[in-house]
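Student: Per numbering that gives the first Met the number 0, the sequence shown starts with residue 0, numbered consecutively.
In short, the hints are calculated from the structure, not lab data. These figures come from a predicted structure and were not determined experimentally. Hints may be right or wrong, so weigh each one.
Unchecked claim - If you anchor each label on the Cβ, the simulated ranges turn out as follows: (1) Glu270 to Val659: 53 to 63 Å; (2) Ala509 to Gly634: 53 to 63 Å; (3) Leu706 to Glu339: 43 to 53 Å; (4) Val659 to Lys561: 51 to 61 Å; (5) Lys561 to Ala14: 38 to 48 Å; (6) Val263 to Gly42: 52 to 62 Å.
Stated by the list, open to error - Here are the computed lysine to aspartate or glutamate pairs in the EDC-like style, where the Cα-Cα straight-line distance is at most 20 Å: (7) Lys683 to Glu657; (8) Lys649 to Glu673; (9) Lys184 to Asp254.
For each residue, glycine too, the CB sits at the ideal point set by N, CA and C.
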Amino acid sequence: MSKQKTRREALVYHAKPQPGKIKIVPTKPYATQRDLGLAYSPGVAEPCLEIAKNKDNVYKYTAKGNIVAVISNGTAVLGLGDIGPEASKPVMEGKCLLFKIFADIDGIDIELDTTDVEKFIETVKIIAPTFGGINLEDIKAPEAFEIERRLKEELDIPVMHDDQHGTAIISAAALLNALVLTNKKISDVRIVISGAGAAAVSCTRLYKAFGASDKNIVMLDSKGVIRSDRGNLSAEKLEFATDRKIDTLEEAMKDADVFIGLSVKDIVSAEMLLSMAKDPIVFAMANPDPEIDYNLAIKTRKDIIMATGRSDHPNQVNNVLGFPFIFRGALDVRATKINEAMKMAAVKALAELTKEPVPEQVNIAYGQTRLTFGRDYIIPKPFDPRLISEIPPAVAKAAMESGVAKMPIDDWDKYREELLQRSGNDNKIVRLLHDRARMNPKKIVYAEADHLDVLKAAQIAYEEGLATPILLGNKVIISELMKELEFDADILIIDSHADETNDKRNHYAAKYFENRQRSGVSLFGARAKMKERNYFAAMMVLEGDADGMISGYSRAYPTVVKPVFEVIGRAANVKKVSTVNIMITERGPLFLADTSINIDPSAEEIAEIAKMTANVATTFGFSPVMALLSYANFGSSTHPRATKVKEAVKILHANNPELVVDGEIQIDFALNKELHQGKFPFSKLSGKKVNTLIFPNLESANITYKLLKELNQADSIGPIMVGLRRSVHILQLGASVDEMVNMTAVAVIDAQEREKRKLAKTQK
């Protein structure tokens, strides 16, 4: 993607449909006069009086305990430098967004128009009663050290400068694990730190807290090695000054065990790397380009353990592994500060989590057969759903043990359950889908590429590396639209009507005739059908000229399904093709079936739909917990519409005892775990969080998914076709660009899975 195009898309993203990335929404009812009377005057006086009696009641009656201020003056924005408070606001909003999606913390960004340390400190102190915690961000050194030190001393809420401590915590966890793998002791290793800013100082201090020796540490700034005999050293630099008589990075790297890069790109050469000790540990964390190119480093030293700040290489040192969960733990015990014990607890928890078996959801997201603790996996992945349930409890326990927790936790199992419920980790499914598609992009034919929105979706899929698009439609129109979109790529464009496709059209027609000649199809009719884009596209997939197909944007569902059924057909041993919609809701993803095809399925067909839907959930890394829905609960009605669902459950229990499935059950009992457990403790669903809903007929499924989409503004991925011989997916009429991009990722993953199964068969 060109820089100009990236620039435009980034600006549109921040400006539309409304400026910014965050907003405030009410958490209490406000529909009636009674509601408003409680929210404001006169009802609001009561909590005010209670807080006046005891200030700690502010945590009971207001949102203070879950609000973190993200505060900056814009003097050291990553990669941009001193750009000022207004220009830093998009970054601070972005930090607030990360707080919310990773740890359900409400971040409020505050940009201060001052470079005066005293004014900055005084301002934060004045506004501190509003917040449960303070996250300092992008403040230049050395002022950042003084600001954080003073605020930690003078406030009674958690304060952390993430630029310092975030990188320190994540890299320390990675370092501890790398040392385990190389069988080295932190007290013995020789460490070179390139950079002397806030992050470098904090990293070095934390490494020392874990046992690194002063005599083994060499720190460099832009002038070279920081030596004790250098003049005009700041207090922070003097703290790490060495007595060794060396001046350059090249000299420092000789026989070093560890290199920590927090400086600038390309300052480490292959020769420097070769001069390091056996099993060198290199964390080149300059962004966006590391101190030494990853590929050069691993080519130069086969025994290297390498980490960077980039997501396209193993071992990404990413602050999002730390700050949301550290503040979460601190807020939940009402810690008065974030101290060394809490930071060290986070380090240990991250390090230990890396050694545990990785959930299949994470393997799937990153396209791995099995991630295991080793040289290419020394820190958890950002999308690991266990982070929310492991890091905050470790931080909270450390706060309690070190005496800074004002509200200790008694029931840790309950606390972990609450964390999982509030985390929103399940809502990362879209990012997981995209990441997985990128691992092995496939050729996807867009059957309606001469529509602007379809072409936009194909462009995004191409530029994001999700798929290799094949554009089907009027070549002239597509070419003109591509110019308008600045979609400058060498991509195959096919017009099924054009003379140049005559040979391919005749080939497809012959194959189609061969397959359908006993179903009333003539060769002449087959040739005519191959001019229709959905027949042509489906034949491309059947013949292997494309790996998958997307269609349905401009035509009614039944008219698109018909060619697909005729050309592609059902997979072996499948009696009914069905569809699944993934709804992205506040409670996590819900898999709904069948939303588009089977009008009134029988008990046997419902059971088959349930099995195929379970496979979809598993494919995307989720363990299906399935409710077969009805208007009745467990035999409360003998009407055939209820008994067919009951019979489907019997079939599943008899033939697929490994599935967590039950019914017939009403939807409120299915989704309300406490209600279900109280009334039906005998059920297989009792005590479990249902994530898969199987409907008794098409109308109930279709109405429900569209109602969720429109009223709750829930994003939808689907309808995902299941039971076909190839990866073909049909959109809802007028699908959005985002929906088409997501369906492209689904089509790619579907094709990937089919390829894996085919390969597995050939290897048997």
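Student: Against each hint, give a clear statement of whether it holds in the structure.
Tutor: Hints, one by one, checked against the model:
1. Glu270 to Val659: 53 to 63 Å: At roughly 58 Å between Cβ atoms, Val659 and Glu270 fall inside 53 to 63 Å, so the hint holds.
2. Ala509 to Gly634: 53 to 63 Å: 55 Å, holds
3. Leu706 to Glu339: 43 to 53 Å: 51 Å, holds
4. Val659 to Lys561: 51 to 61 Å: 36 Å, violated
5. Lys561 to Ala14: 38 to 48 Å: 42 Å, holds
6. Val263 to Gly42: 52 to 62 Å: With Cβ atoms ~57 Å apart, the hint holds.
7. Lys683 to Glu657: 11 Å, holds
8. Lys649 to Glu673: 24 Å, violated
9. Lys184 to Asp254: 15 Å, holds
In summary, the structure is inconsistent with hints 4, 8 from the numbered list given earlier, while agreeing with the others.
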